[in-house]
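One line per chain: the protein sequences are Y and L, in this order.
Counting in the numbering used here, the first sequence runs from 1 upward without gaps.
Counting in the numbering used here, the second sequence runs from 733 upward without gaps.
I should point out that these hints are in silico values taken from the structure, not numbers from a laboratory.
This one's a predicted model, so the numbers in the text were calculated from it and none came from an experiment.
Here a beta-carbon is modelled for each residue, glycine too, at the ideal position from N, C-alpha and C.
Okay, derived cross-link-like pairs now, SDA-like style, lysine to any residue, Cα gap no bigger than 25 Å in a straight line:
#, chain 1, residue 1, chain 2, residue 2
1, Y, 459, Y, 619
2, Y, 681, Y, 584
3, Y, 343, L, 895
4, L, 814, Y, 64
5, Y, 631, L, 861
6, Y, 459, L, 895
7, L, 869, Y, 719
8, L, 869, Y, 450
9, Y, 459, L, 903
10, L, 869, Y, 337
11, Y, 351, L, 867
12, Y, 380, L, 867
13, Y, 380, L, 893
14, Y, 459, L, 866
15, Y, 459, L, 898
16, Y, 380, L, 894
17, L, 814, Y, 53
18, Y, 631, L, 898
19, Y, 444, Y, 723
20, L, 869, Y, 452
21, Y, 344, L, 866
If you anchor each label on the Cβ, the simulated ranges turn out as follows:
#, chain 1, residue 1, chain 2, residue 2, range
22, L, 775, Y, 338, 21 to 29 Å
23, L, 821, Y, 91, 51 to 59 Å
24, L, 892, Y, 216, 45 to 53 Å
25, Y, 52, L, 839, 34 to 42 Å
26, Y, 424, L, 822, 46 to 54 Å
27, Y, 55, L, 804, 43 to 51 Å
28, Y, 171, L, 748, 51 to 59 Å
29, Y, 338, L, 839, 30 to 38 Å
30, L, 822, Y, 278, 56 to 64 Å
31, L, 822, Y, 338, 34 to 42 Å
32, Y, 91, L, 748, 45 to 53 Å
33, L, 892, Y, 678, 34 to 42 Å
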Amino acid sequence: MANHGGGAAGEVGIGGRPLPPSSIPAGDQTVWADASPFIEAACNDLQDGELIHGENFSLFAAMSALEIMDPKMDSGVENCGYCSVEEAIENGAAPIPLSLDRTVDVQRTIDVMDHLLACEATWHRGHSLAQTVFSCIYLLRIERTSSHALLHSYCRITRATCNAIISAVADARTHEEEDLFTMAYGLPLKGEGDEKCLSILNSVEETISRQLRACKAPSSKKKVLEDLESLQTNPDLEEGYCRALLCRLRFRKHFYHVLMCLRKPQGRGLELARKHVASCLSELAFIYKSLEFLRSVSHGSAQEDVENSTTASGCRPVGFDVSLNSKLSAPTPPRAIRLLSWKKAVGYFEKLLHDLDVLCAFTLDPMLEDTLRFVVQFQKSQPDLIARAHLQLLLVQDGKLCGRDFFYDVISKALALPELAKDQEFQKNEFVVQLGQLVINLLKILCTNSAWQRRKLGKILQDWSVISIQLELAFKREFGEMLNVSIDENVCMKVSKHLLIWAQEQTYWIASRFLTLGFELELYSPTDYCMVYWYMYVVFVKLLEKMQMRIAASSDNSRRKGKKKRDHAKDSGRDAGVSSSCLLLQCYIFLSEGLAMMLAALCNDCKVFQMTGPFNGEEERFIQQFELLQKAQVPEHISYYLFKESTVHARLFNVAKHNYFREAQRIIASLKGSFSGEPDKLLEVRQLEQVAEHNRIALNVVNQVGGQDPSLRVSLEFTHHPYFAVAVVKRS
Amino acid sequence: MAAEGAGDGGGREEPVVVFSPSEIEYVSYGGEHHLPLIMGLVDDELSEPYSIFTYRYFVYLWPNLTFLAFHKGKCVGTVVCKMGEHRNTFRGYIAMLVVIKPYRGKGIATELVTRSICVMMESGCEEVTLEAEVTNKGALALYGRLGFIRAKRLFRYYLNGVDAFRLKLLFPRPSPTFLAMPDKDDSQNQPDHHP
Chain Y
1 MANHGGGAAG
11 EVGIGGRPLP
21 PSSIPAGDQT
31 VWADASPFIE
41 AACNDLQDGE
51 LIHGENFSLF
61 AAMSALEIMD
71 PKMDSGVENC
81 GYCSVEEAIE
91 NGAAPIPLSL
101 DRTVDVQRTI
111 DVMDHLLACE
121 ATWHRGHSLA
131 QTVFSCIYLL
141 RIERTSSHAL
151 LHSYCRITRA
161 TCNAIISAVA
171 DARTHEEEDL
181 FTMAYGLPLK
191 GEGDEKCLSI
201 LNSVEETISR
211 QLRACKAPSS
221 KKKVLEDLES
231 LQTNPDLEEG
241 YCRALLCRLR
251 FRKHFYHVLM
261 CLRKPQGRGL
271 ELARKHVASC
281 LSELAFIYKS
291 LEFLRSVSHG
301 SAQEDVENST
311 TASGCRPVGF
321 DVSLNSKLSA
331 PTPPRAIRLL
341 SWKKAVGYFE
351 KLLHDLDVLC
361 AFTLDPMLED
371 TLRFVVQFQK
381 SQPDLIARAH
391 LQLLLVQDGK
401 LCGRDFFYDV
411 ISKALALPEL
421 AKDQEFQKNE
431 FVVQLGQLVI
441 NLLKILCTNS
451 AWQRRKLGKI
461 LQDWSVISIQ
471 LELAFKREFG
481 EMLNVSIDEN
491 VCMKVSKHLL
501 IWAQEQTYWI
511 ASRFLTLGFE
521 LELYSPTDYC
531 MVYWYMYVVF
541 VKLLEKMQMR
551 IAASSDNSRR
561 KGKKKRDHAK
571 DSGRDAGVSS
581 SCLLLQCYIF
591 LSEGLAMMLA
601 ALCNDCKVFQ
611 MTGPFNGEEE
621 RFIQQFELLQ
631 KAQVPEHISY
641 YLFKESTVHA
651 RLFNVAKHNY
661 FREAQRIIAS
671 LKGSFSGEPD
681 KLLEVRQLEQ
691 VAEHNRIALN
701 VVNQVGGQDP
711 SLRVSLEFTH
721 HPYFAVAVVK
731 RS
Chain L
733 MAAEGAGDGG
743 GREEPVVVFS
753 PSEIEYVSYG
763 GEHHLPLIMG
773 LVDDELSEPY
783 SIFTYRYFVY
793 LWPNLTFLAF
803 HKGKCVGTVV
813 CKMGEHRNTF
823 RGYIAMLVVI
833 KPYRGKGIAT
843 ELVTRSICVM
853 MESGCEEVTL
863 EAEVTNKGAL
873 ALYGRLGFIR
883 AKRLFRYYLN
893 GVDAFRLKLL
903 FPRPSPTFLA
913 MPDKDDSQNQ
923 PDHHP
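Chain L with its partners taken away, still in its complex shape (with noise of 0.2 Å):
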């Protein structure tokens, strides 16, 4: 699945619309009637043919996952994701992720991601993961600022011939010993962690 059109914004010959991020409304996927919203801004976007029960697979089992953006009423953009079991791990996944062109670089696409982390954070998911071509700065700068790491690079991932990078992102383990940092007198007592 590809993460798309989300990030820089810049050079665009685009009009530019004019608002402020306080303008932007973040809604939690409600039903039906939010289906054809989220399959309109994908469809147009990404050149993967989705079928509609594609969609249906994320948002019905998932709800809380998927989250819209409204300017003004008009939807600008989606984020749509599922979590699971995954080799023993418990894992969230950014399955799909636009945001209208007039509308990018403004931190639309941050938001819509952060909340769905959140909720793959609070339900307990140990990880989240997703893939991006390797040429998509916008998502890698996104993504690498929430703390996602490049965790491969997959070849000819793509059928155009582009690479992708798996990213990444490991919450953190609650510790058992401590939460924070020894400073330089305890590391003498910590028998694990003698250099």
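Chain Y extracted, bound-state conformation (with noise of 0.2 Å):
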């Protein structure tokens, strides 16, 4: 039999269902052939359960087949639309001009600038291109639309905004999960012209501009300027939808600015980024203001309610087919995504702009430690890619600071030791140059999304321990044990020392942020946290060592050389910091040592937050826990026999009677003082307060009341600070 593989347009088939129409007709070497018998045939041949196996096709291999005509498999399946995209556009999809109706053009058009905003929002939330922005059938056939000045402008601009973020995002080359961010899969990204985006969006912007003028003008004066034909048809709506379109071209120009500004080498267009970003936020604000007018003009033509919608009108836009991409994507069918309404992407696009502007406030030229204690606090908000990218990007380029200065001289100044910047033997030192590439790396690390951070940080442990034994061993082999000797005038011995020090109090400051970010990801429970703050105790005090190691070390230094007076003023407003930075620590050490002993009493008198699993104990959770700390020996010698030593006997009576939390307030009250001109470290600071203060009456509360009372019920919150919890003590 002939042709079964379709038929003529119009045949039927089985079921009154027409054939779809022969792709592949029969030739002169070819013929159709029925293989229905055939195939039936091998199918009886095989039983129930039995299955074919072939050097290439075992079980686990078999588990990548598709189901053909599985909806779910199969991208080819046509659920429904076009084909392609030509037949898309052949059939009306996307028409040019969007109406011929020059007021329902303009409407129609800024539904396309709305939706294609929320598909934008959309995509850098993870979602691919294809399903979003790039089901803009405007944006698939970019030519098309050149006609239509408006729409080819701000289809221009916004493709070129998609390819520089797509190339920052490759640059910065984080290799999170977000890896399907920078995957394009042959969309037309870039085109001949792009480079010209802002100058079409201007012109297009003057005359709009002038429009509105001329709708506002006087009427004596609008004879002047009847020669500039209006927008649209409707006097009464001229203004509106001026302003309407205004904001939105000056919103896409200034973003597209403040990307140019971001990747300018050595952060020298920071504080112009800044103004862009200032100006972007206030179109943003006038973007949001004008749903209002669009809403009232499109009353009643089909909207959508305005929370869900993706346009400011609340009407379905022209122009977009999600399904056109699905076969160019991959080989299964994208899953179906919700986009971001519009509302919901004008939020991201604030957020977006706020942490960028944030971003543009970092001040260069900084030490490496208040380089990270910014990355630390701009992650605090939980900046998306977009913003995480740029940040590594301004802080790591071509291998130096900010694009500035060498990672050796970066390391020398945390040393205290500038003047070592210039000795060569100190650039080429085998130590120097590899915890150089160390501090990169985890420079970048505290750039990623804080999920894959802490993975990353608990590897790097290893490498950062590593070194610092390396350190130790060198130390030692040439200058034998004379770690606690006053240091004489041999430079390379101190070096090393200041070297070494430094080196270890980095690593536990790595362990202290891999443990405080488990809080955070919501990783530990609370039968977790007694072990969690026990540890995160141990490193605090070690910490704190080797920050005072470094600090004894450095004025020792400094008081050796003579300084001078003035530089003695520098040092000390130096040393206030790091003093300051000290008692931050020793609060902290308080406050983990209380809340690891409180718990651990309240676990033995009250026996709550107790594990009793059957399969398990606690010791294999602490083995869990902390298994790269414990890898990495950060600390040494620690372990869950230590911890058991140190809590089992923890009792809420002498718990109480340890005074941690108000140890803590001790501190926090001195500590206020000297973080008074720094907004971030007072709001830290304040959050202690309430942590310590309402602990210690919690501590109180169950001591007193005696722990086998059973309708006392102790729960952990973190209402206050991150990764300090607060007990609350309820009656049931």
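Build the complex from these two chains, which are given one at a time in their own frames, with help from the hints.
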């Protein structure tokens, strides 16, 4: 039988459904043959449960198989819609102009702009470009739009912006789970003329500005401006539409400028970027305000509710088709995604701009310690990929900090030995080079999303620990066991000792961040808190020890140099900053120890927060939680048994006597003064104050009531500080 | 793979079936006749498209790790797992867990998982792992009670943008020196554990 593969147009097959048109006609050398009986016979050859095994067809490999015609697995299965962009265009899916009525044309263009913004925000949030921004048929065939200046300019700048962002994220190479973000799958991201996108946009903006002025001019002046055609045909709506368009165009312009400025080397564009960020935010506010006007003029024409709509007007836009790209993107059909609503998209950009604003305020030429603090602070607002990638690009450029300082220079400043930076021996020292690489890696990791970041920090602990051990061995080899003897004039010895202490300090800093991030990521359950706070206490103690050693070593150094008076002032300013860092750490130490012991006492006295699983116990959980720290021996000699020894005898009455929280409060009181000029630090100190007070009270209450009251419920909440919990005592 | 609908069962409008735990029959994977039951349950509950080969991979190679729960002849829940060497660790993996809605919140999922884990433990696994959505409170509570910790958070692991936790259970290792906690006096004689 011939041609069973398909039929001519109008032909009907079994069941009355039309046969799809034959795509491959039989030719001279070929003929169609019906394979159905052959396949049926083959099917009967296998019994239930039997499977053909082949050399390349193992069960594991078979899991990648797709079931043809299963809509969840087979991209080619037509659900409905067009087979290609061309077919969609031929059928009027993306008309140009969008309407012959100029008012409707403007309205629909605004809808396209709004929907594109929603698509863009959705893409930023981690969905594919193909299903979001490039679901826009106008973008897929941008040349078609050249007769429509408004749409054309908006499409070009949007495309150029997306390209700039992909470029930035690809350059940052953070290799996070968001790798998919940079996959363009052959979509037309760049085209001739894109570099002129700003000038195209500017001329359109200029025209509309004049149209706005014209419609607002008193009638006497109107005659002069009458040679300018209005934007659209309804004079009552002219001002509203002009304004709605202008803020959208200007937002795009300023946003593009922000991205260009941020990529300027060595942070030279930060100040200008900040100005453009401010302009973006003000245009965004106007965009949001245009909602009222746009909704009112579209009222009645099939509007979606304002919360879920992807456009300000509430109308569905023309020119978008998500399924067109589904065959391009991947072998399996992409999962259906929900676009962010227009309101949420505006909110997303607002947040992005605020994060970029913080970035722009970064003061260059900083100390490494300040840079690390800045990044940690920046991450508190949970910035998204775009902002984080730009931060990383700012900090690490051409292997230098902010493209300016070599890392041996940065390290020498961190050691408080800035003169070393000019010493060629120091620059080439194998440890200095390695440490420079480790610092670059650390900075990059600190810019990634916190889930990824924590895993990477755990891994690099090994590298930092190894280099610290190597430094120590090298030091001992050369200078013997002289760590506690005051340094002689031997420069090598001094540098080695400084490097060692500094490397150890960074190692403990990384360990502390690894532990505290676990709280923010909700990795710990209440039954784990006791051991986590105990480990934090141990790590903070070592961190403080190394910090104090570093301070002692550098003040030794400046004392012996006989520094001039003005240097002393600068130093004492730095020393004050340094000593308040030490105080803050001491506060952390009291709080961690207090929490660990309070939780241990609650466990011992009241049997709360106990882990009683059928398969394992506390020791296994300890091993798992601290596996990477233990492997890197950060710190050494820490074990589950040590933890048990330290906590097994904790009782409420003796923990209360130790006054951990009161000690913390004492330190906090003096810290408030030191941090008075720094709002971020002051905020944290206030949070710590609340933590200390609430816990002190809770501990007293539980201690007084006695552990045996069964109606007492203790819960742990993070209402004040991201990683120091507050015990809340309630009667049930 | 997603560990699925098994948890809280609260606040649903589905008719809750009344039964006592003793009416539930737990059965190890017994052959091809069980496969459509498992596929039916999982296909209904999960949006992940699994081909039949995926199911066959698990139940053919590790039939002793798949369990089904029956109530009066009806299959109401299943767990599908595997185990093997992974980077020098012999590790079990829970691939799918489903209990149909009317039967949730009664410990069926816990029982299914427990049986599987017991087999893994007896087979010499050092640990068990799985992924679960951070929003799947039921699953997280279930595994938490069994001793799993949240080893990692995976950013936007699922295509709907939701993060996942990698959950891990570490079995106790046979201890070379002693099995019980040393008391205070003994600790002085253990050079390894000096503070």
